[in-house]
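**Q** Each protein sequence line maps, in turn, to chains A and B.
Note that my numbering numbers the first sequence so that position 82 is 82, with each residue one more than the last.
Note that my numbering numbers the second sequence so that position 101 is 101, with each residue one more than the last.
Don't read these hints as lab results, they were simulated from the structure.
These numbers come from a predicted model, not from an experiment.
Some hints could be false.
Unchecked claim - Computed list of lysine to aspartate or glutamate pairs in EDC-like fashion (alpha-carbon distance at most 20 angstroms, straight line):
1. B:Lys-138 to A:Asp-195
2. A:Lys-120 to A:Glu-215
3. B:Lys-143 to A:Asp-195
4. A:Lys-35 to A:Glu-86
5. A:Lys-6 to B:Glu-290
6. B:Lys-138 to A:Glu-178
7. A:Lys-6 to B:Glu-291
8. A:Lys-6 to B:Asp-227
9. A:Lys-6 to B:Asp-294
10. A:Lys-120 to A:Glu-218
Claimed, not checked - Covered stretches of chain B (chain A as the covering partner; in silico rule of three or more C-beta atoms under 8 angstroms from a C-beta of chain A):
11. 28-41
12. 290-302
Unchecked claim - One side only, chain B facing chain A, incomplete, derived with CB under 10 angstroms:
13. Lys-138
14. Asp-177
15. Ile-181
16. Glu-182
17. Gly-183
18. Ala-232
19. Ile-233
20. Pro-234
21. Ser-267
Glycine included, every Cβ here is placed at the ideal spot set by N, Cα and C.
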Amino acid sequence: MDFSIKPVGDRAVKVQFQQEVTPQLNMKIKSFCKKITGLNIEGVVEVVPAFNSVTIYYQPFRETYLDLCQKMNSLSVDGSENEFEEQRLIKVPVVYGGEYGPDLQRVAKYNQLSLEQVIKLHQKPDYLIYMLGFLPGFPYLGELNADLATPRMENPRKSVSAGSVGIAHKQTGIYPVESPGGWNIIGKTPLQLVDLANERHPFLFEAGDLVRFCEISETEFLEIEEAVVSGKYVVEIE
Amino acid sequence: MKSQLIFNVNKAGVYTTFQDMGRYGYQRFGVPVSGAMDTFAFQVANILVGNQRNEGCLEVTLIGPELEVKCPVTVAITGANLQPQVNGEIIPMWQSIHLQPGDILHFGRHQSGVRAYIAIGGAFDCPLMLGSKSTDIKSGFGKLIEKEDTIYGYPAQKKKRFGLSGQSIPIYDKSIDVAVIEGPHQENFTQKARESFFNSFFTVDTNSNRMGYRLKAENGSIETIGDVWSDAIPFGSIQIPPNGQPIILMADRQTTGGYPRIGTVVSSDLAKIAQLPPQGKICFHPISIEEAQDRAVEMELFLWCLEKFRQDLN
Numbered sequence: 001m002d003f004s005i006k007p008v009g010d011r012a013v014k015v016q017f018q019q020e021v022t023p024q025l026n027m028k029i030k031s032f033c034k035k036i037t038g039l040n041i042e043g044v045v046e047v048v049p050a051f052n053s054v055t056i057y058y059q060p061f062r063e064t065y066l067d068l069c070q071k072m073n074s075l076s077v078d079g080s081e082n083e084f085e086e087q088r089l090i091k092v093p094v095v096y097g098g099e100y101g102p103d104l105q106r107v108a109k110y111n112q113l114s115l116e117q118v119i120k121l122h123q124k125p126d127y128l129i130y131m132l133g134f135l136p137g138f139p140y141l142g143e144l145n146a147d148l149a150t151p152r153m154e155n156p157r158k159s160v161s162a163g164s165v166g167i168a169h170k171q172t173g174i175y176p177v178e179s180p181g182g183w184n185i186i187g188k189t190p191l192q193l194v195d196l197a198n199e200r201h202p203f204l205f206e207a208g209d210l211v212r213f214c215e216i217s218e219t220e221f222l223e224i225e226e227a228v229v230s231g232k233y234v235v236e237i238e
Numbered sequence: 001m002k003s004q005l006i007f008n009v010n011k012a013g014v015y016t017t018f019q020d021m022g023r024y025g026y027q028r029f030g031v032p033v034s035g036a037m038d039t040f041a042f043q044v045a046n047i048l049v050g051n052q053r054n055e056g057c058l059e060v061t062l063i064g065p066e067l068e069v070k071c072p073v074t075v076a077i078t079g080a081n082l083q084p085q086v087n088g089e090i091i092p093m094w095q096s097i098h099l100q101p102g103d104i105l106h107f108g109r110h111q112s113g114v115r116a117y118i119a120i121g122g123a124f125d126c127p128l129m130l131g132s133k134s135t136d137i138k139s140g141f142g143k144l145i146e147k148e149d150t151i152y153g154y155p156a157q158k159k160k161r162f163g164l165s166g167q168s169i170p171i172y173d174k175s176i177d178v179a180v181i182e183g184p185h186q187e188n189f190t191q192k193a194r195e196s197f198f199n200s201f202f203t204v205d206t207n208s209n210r211m212g213y214r215l216k217a218e219n220g221s222i223e224t225i226g227d228v229w230s231d232a233i234p235f236g237s238i239q240i241p242p243n244g245q246p247i248i249l250m251a252d253r254q255t256t257g258g259y260p261r262i263g264t265v266v267s268s269d270l271a272k273i274a275q276l277p278p279q280g281k282i283c284f285h286p287i288s289i290e291e292a293q294d295r296a297v298e299m300e301l302f303l304w305c306l307e308k309f310r311q312d313l314n
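Required output: the full structure, derived from the provided sequences and hints.
**A** Structure representation (structure tokens):
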């Protein structure tokens, strides 16, 4: 087995995987989470995946640390069964630049690229969601093209609107809710990443999904935005 | 059943919110757990009025609200002693009392602790969001109670009065020693840093809140080595940011964090921290996971017995 288990206080254990953070490891983590959840252990409250670890929250009066460790050690995780598992690819329409992406220019200038090149490079890869965190529904995406890496803003904005697509250092991300923030905002998606009124699926993303950014015009943005608000827009998922 | 007006808010207090045991089940989507800071006092308040332990309560911070009672209701106040009063008379804490329309529930001078809980027999009419009534303003769940708000609810039938005996009532000190399970980032701390952590006294910074308690070491700082990958952070995690001054992550913490963590406060000691005021002193000692879980089981057993006792009373 290539993971170790550590207590994180008396109500959580951390399963630490040893290998490098890669899409393969992410698959393995996804599979591990599924297996743990599938065991339906009475005291387990929830399972939270991260880059190279999984944290399992549990109630110590229903399950002891040692018993839980034993159950996890009995799980096999080679990740091979994932070949048949579906990975969702979610298309995220983005209008780049202008008022929607006030820092597109800054990113272009910093990396000595044209605006068009930044837009093209940003859309090129399919980004893997390694984990969600920081804000409800916020995806940690990998890997941003190194030619687009741009330092955080020196003076963070007091408010960045929901749907803003940004770059900070070697990362790109999307603000799911309005928040203060220091990322360079290059565009905006009309999609809602968090919709609390939708009780069955309040979150658009989950760890392990792929995200593909697709450029749209301002007119398309406004059309999609209206369709999203009225509940008529169907997100493209492959 | 239609909800009834329970309280008119004449004064809001400094930070009064609805809380329950927290918003569990959505941390993998980045949703903070939030919930009551002192889950012991919170659960006892519910039990005393005959509720399920997880029913939403008002969490009051240092300066309490002034509430005008609008219908007959059973109330219990637990946690910090902020001198609760009805119509100017001091009322006992940690027991259920019956209030009548026209009564004014208010608070006096701060005596001890930080957070008090007001439970009503029945339930407050407060929306369940992702399965929880907990207010978490930063994440967009609920809001602060404000002056002139009206608080609705579903008062239960009157039940026998019930209280906690003296020796079971927690005492909140301004200087505390809490137990810690070391890790998960042991490799990011030298033996020297570890010793310095367990041998230091820390002061709670005034800039502490429901998200985290910022501590200041009386001498020096705790050094860390190397970086860590972001991972999930439980209630009570002690992270050491680059300035070497620890932060204890509390109820409204983010779901994940990227600073090295030297340990996690055991769950049975979290209430002591939640009730430690700014400028309070804190020191830490390591214990084993087995001992920590024994204490957690003991606390659960106490609550379970209290709940049974309450049920048998009716």
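**Q** The structure should be examined with respect to each hint, and the outcome stated for every one.
**A** Each hint tested on the structure:
1. B:Lys-138 to A:Asp-195: 16 angstroms, holds
2. A:Lys-120 to A:Glu-215: 9 angstroms, holds
3. B:Lys-143 to A:Asp-195: 18 angstroms, holds
4. A:Lys-35 to A:Glu-86: OK: A:Lys-35 and A:Glu-86 at ~16 angstroms, within 20 angstroms.
5. A:Lys-6 to B:Glu-290: 13 angstroms, holds
6. B:Lys-138 to A:Glu-178: Between B:Lys-138 and A:Glu-178 the Cα gap is close to 10 angstroms, so the pair holds against 20 angstroms.
7. A:Lys-6 to B:Glu-291: 16 angstroms, holds
8. A:Lys-6 to B:Asp-227: 18 angstroms, holds
9. A:Lys-6 to B:Asp-294: 18 angstroms, holds
10. A:Lys-120 to A:Glu-218: 17 angstroms, holds
11. 28-41: holds (count 5)
12. 290-302: It holds: at least three residues are needed, and the stretch 290-302 of chain B offers 8 whose Cβ sits within less than 8 angstroms of chain A.
13. Lys-138: 8 angstroms, holds
14. Asp-177: 17 angstroms, violated
15. Ile-181: Status holds, d = 5 angstroms.
16. Glu-182: Hint holds; B:Glu-182 Cβ to chain A Cβ min 9 angstroms, cut 10 angstroms.
17. Gly-183: At 5 angstroms from the nearest chain A Cβ, B:Gly-183 passes the 10 angstroms test, so the hint holds.
18. Ala-232: At about 3 angstroms, which falls below the 10 angstroms cut-off, the nearest Cβ of chain A leaves the hint on B:Ala-232 intact, so it holds.
19. Ile-233: 8 angstroms, holds
20. Pro-234: For B:Pro-234, the interface hint holds, since the closest Cβ of chain A sits about 4 angstroms away, which is under 10 angstroms.
21. Ser-267: Result: holds, 5 angstroms to nearest chain A Cβ.
Comparing the model with each earlier hint shows a violation of hint 14 alone; every other hint is respected.
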